[in-house]
Amino acid sequence: MAEAALALEDVAITFGALKAVDGVSLTLMPGEIHALIGPNGAGKSTLMGLISGSLRPDRGRITFGGRDVTALPVAARARLGLGRSFQVSSLIPEFSARRNVMLALQSRAGHPFHFFRPVRHDRALTTSAEACLAEVGLALRAHVRAAELSHGERRRLEIAMALALAPSAFLLDEPMAGLGAEGTADLVEVLDRLRARAPILLVEHDMDAVFALADRVSVLASGRLIATGTVAEIRQDAAVRTAYLGEAAS
Amino acid sequence: MPRIGREQGLNLGLALALLAAPLVALALAEPFYITLATRIAILALAAVGLNLALGLGGMVSFGHAAYFGIGGYVAGIMAHHAFMGTPGPLGIPGTGQMLPIWAMAMVISGVVAAVIGALSLRTSGIFFIMITLAFAQMLYYFALSWPAYGGEDGLPIFRRNAFPGLNTMRPIQFFAVVYVALMLAIGVFAMLRESRFGAALMAARQNPARLAALGTAPFGVMLVGFAISGAITGLAGALMADLTRFVSPAMMAWTLSGELIVIILLGGTGRLFGPVAGAALLVGFEVVFGGMTEHWQLLLGIVLLLVVLFARGGLIGTLAGREGHG
Amino acid sequence: MTLALIIEQMLNGIQFGMVLFLMAAGLTLVFGVMGLINLAHGSLYMIGAFVCAAVAAWAGQFWLGLAAGMAAAAIAGALIEMTVLRRLYDRDHLDQVLATFALILIATEGTKMIFGPFPLYLGLPESLTGTVDLGLAPYSRYRLALIGFGVLVALGLWLVIGRTRLGIQIRAGEADRAMIAALGVNIRALYTIVFALGAGLAGLAGALVGAIQSVQVGMGEPVLILAFVVIVIGGIGSVRGALLGALLVGVIDTMGRFLLPRAFALILPADQAMGVGAALASMLIYVLMAMVLVLRPKGLFPAHA
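Chains as they are written, first to last, in our numbering: chain F, 212 to 461; chain P, 209 to 534; chain S, 335 to 639.
Looking at chain F on its own, in the form it has when it is part of the complex:
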């Protein structure tokens, strides 16, 4: 039995009276794309926060690559190989696309306290950055400031940065958010190729994308995991239909 790349055991967090995440256990196995879906307010963003480290659970354990990371802060988890993209594009606005990816690469390479060599002339960084940008189709826009990229380009830059980290697991938060049909199709293709590099935990609303990509799907509703299985299994699951469509649907 292969070891899970990422595992959550009975993770929970409460905000005041709200049980945002209420005892969720799931795994991300090597080589798979595991999609996490659920209606609005289900707790997906909170769960992402817990996995990435910006939130601390009230109970439960999170292991990454076999290691207990529950107490580790965001930067430490990233250094261990957790590559995350944000639901709302979170880039360095004044930097070009290339510079954004170079930042990811330099973080991957170690500590930031190198004072002397200009980053611009660092062949290792620039060529790798350009390679990552090429993978997501942004090679021609490398020099454009992130603030001036289109929405779709920014989503792709987010992926390029996650790629640059050479992570052992991807944590992608609604990468298709705001993309039209064509943008989604392009990104689906990119993600499909990424699967070979590292497993992907994919939070998404776009069902076409989910059904096209996912090996397994977990459904979150009201902070709880109500179903886990293949795409086919989930489509037929009664509890899932109720959660999405209300009591009348079943």
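No lab work stands behind these hints, which were simulated from the structure alone. You may find that some hints are simply not true.
Taking CB as the label site, the calculated pair distances span [as the list claims (entries may be wrong)]:
#, chain 1, residue 1, chain 2, residue 2, range
1, F, Val299, P, Ala398, 28 to 36 Å
2, S, Val519, F, Val299, 25 to 33 Å
3, P, Ala237, F, Arg331, 57 to 65 Å
4, P, Ala228, F, Ala287, 46 to 54 Å
5, S, Ala516, F, Ser361, 49 to 57 Å
6, F, Ala396, P, Ala519, 41 to 49 Å
7, P, Ala237, S, Leu458, 53 to 61 Å
Some chain F residues judged to face chain P by a derived CB distance under 8 Å, without partners named [to be verified]:
#, residue
8, Ala282
9, Ala289
10, Val299
11, Ser301
12, Ile303
13, Leu314
14, Ala315
15, Gln317
16, Phe324
17, Phe326
18, Arg331
Derived coverage of chain S by chain P (criterion: at least 3 residues anywhere in the stretch with Cβ under 8 Å from a Cβ of chain P; other residues may be distant) [to be verified]:
#, region
19, 423-429
20, 443-456
21, 556-570
22, 606-612
Here the structure is a predicted model, which is why all the values come from computation and not from measurement. Ideal Cβ placement from N, Cα and C applies to all residues, glycine included.
Knowing the structure of chain F, use the given hints to seat chains P and S on it.
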């Protein structure tokens, strides 16, 4: 790329103008203007330090006068003990040599900046501003009441510190020392900005959450940036002490912290030669408008308000456009 | 060192704390509701003192001066808010710092131009001169009244914030700025009122202090900086935190300046003890602030723990 060329041209122009002005003054036998140019260069150096923390790192320190004052007092105390022939604090002997004084000034102000930074960076936003202001005020009051080095009356430096091979008592030679120090500091700023450290620092300003998600904790980067920033401003303080041959708690007053921030704004936040442009503008303003009315600070306040509201890029931003970050 | 002296110093500390409270309450409200850092708050303190002194001298009456000082500061505050600060709410803190610093320059020079560079005289009101016998010690009637003012203001703020419509809007604004605009509250008016309220309190503080210390240009900034320390120690956004923090700072600072030189006199020669004691006493509250930063970064009594 025309944009970058414009800024580089402007920078070169500023560097040459700052060098030329005292030489012209020398030729015209007007030593006052040599001193004025020296003062501009020293304030510019202090602002280069702040520019690192504020312009690159986004840390709005309203307490950089503290490091200026510490640098000044190191110079003053060392010179005082050298003159008196008595041992200095912790038994360190006094010295009248600039180079060791600069080294001490930079190390001590850098260390103090690291301590204050470590405490202040636990917060952000307006808390950070208030706390840096408060700590600087603390040092100001301490200098005011500590009896050993003059307190409110200050500490005179009877003989300007020495630099090997030069006669620092001659204004133009002292200016040369200050000018070179300023250019070196600008060079260091440029080097840091282009380095991996600079990239991380600028990222920490714009999007700390993103930087952390990439694996670099913003706190460490910002703290190191803050400490280096304090060291550079400390060097400026040591030079100012030698220029005026006088050190007093006024070097640590909150008004000076405000002036440094104003210099950064007037010149252009984060710009390489912003501090030079800003210092020249501020001192120029004082000389020109101070000559017309004793209430020139009212005019300065109005101009400042207008610049903040309508001309945010400062002089260099307005003339050379936005920076490129290829 | 008698008991009477210690009690006098304690009360002085509380009185000083009340002045800091008046400053800090305004600052913390403005920050909580508008998210604005206002360095010109010290100038409003100064305006209150100057107008009070001028009107009191002209009318021969302290209380008229006090009312005028408060009103002038509140009006000045409202004017500043409507003309300058309104444009800054969406700007970053650096811009707010620079703009309000510019306002300090304008206010300082302006005051010098109107009133001249020398301090003004402000005398105690007839009814409050002399001392009151508190049983254990005599104490200045005026300073006692000052403490009373502080208590009244604290109660008043508690009532306004807790019991009035304005108070609800203030509390809602502190919790979620964007939301109250969406709910149809007249944001512009609310902000101006809150700012004027804070300004009025600063003016009151300046006028009250002006009678026991000098009324001079630049008197506001040291108090402003101490008010910042109070807010850091007491906790942001909380008037209760401002009160408790201010009392803590006031008492510790006053007692420290009183006791430390005497403590050092036990181990050092007298003149050295004075200097060293005074120097360390002046750092005391900042050390306290540093400790709070390490142990409780949100302050000791934050509004939202």
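Okay, the hints, checked on the actual structure:
no. : hint                            : in the structure
1   : F:Val299 - P:Ala398: 28 to 36 Å : holds, 34 Å
2   : S:Val519 - F:Val299: 25 to 33 Å : holds, 27 Å
3   : P:Ala237 - F:Arg331: 57 to 65 Å : violated, 47 Å
4   : P:Ala228 - F:Ala287: 46 to 54 Å : holds, 53 Å
5   : S:Ala516 - F:Ser361: 49 to 57 Å : violated, 29 Å
6   : F:Ala396 - P:Ala519: 41 to 49 Å : holds, 46 Å
7   : P:Ala237 - S:Leu458: 53 to 61 Å : holds, 59 Å
8   : Ala282                          : violated, 15 Å
9   : Ala289                          : holds, 4 Å
10  : Val299                          : violated, 11 Å
11  : Ser301                          : holds, 5 Å
12  : Ile303                          : holds, 5 Å
13  : Leu314                          : holds, 6 Å
14  : Ala315                          : holds, 5 Å
15  : Gln317                          : holds, 5 Å
16  : Phe324                          : holds, 6 Å
17  : Phe326                          : holds, 5 Å
18  : Arg331                          : holds, 6 Å
19  : 423-429                         : holds (count 3)
20  : 443-456                         : holds (count 4)
21  : 556-570                         : holds (count 7)
22  : 606-612                         : holds (count 5)
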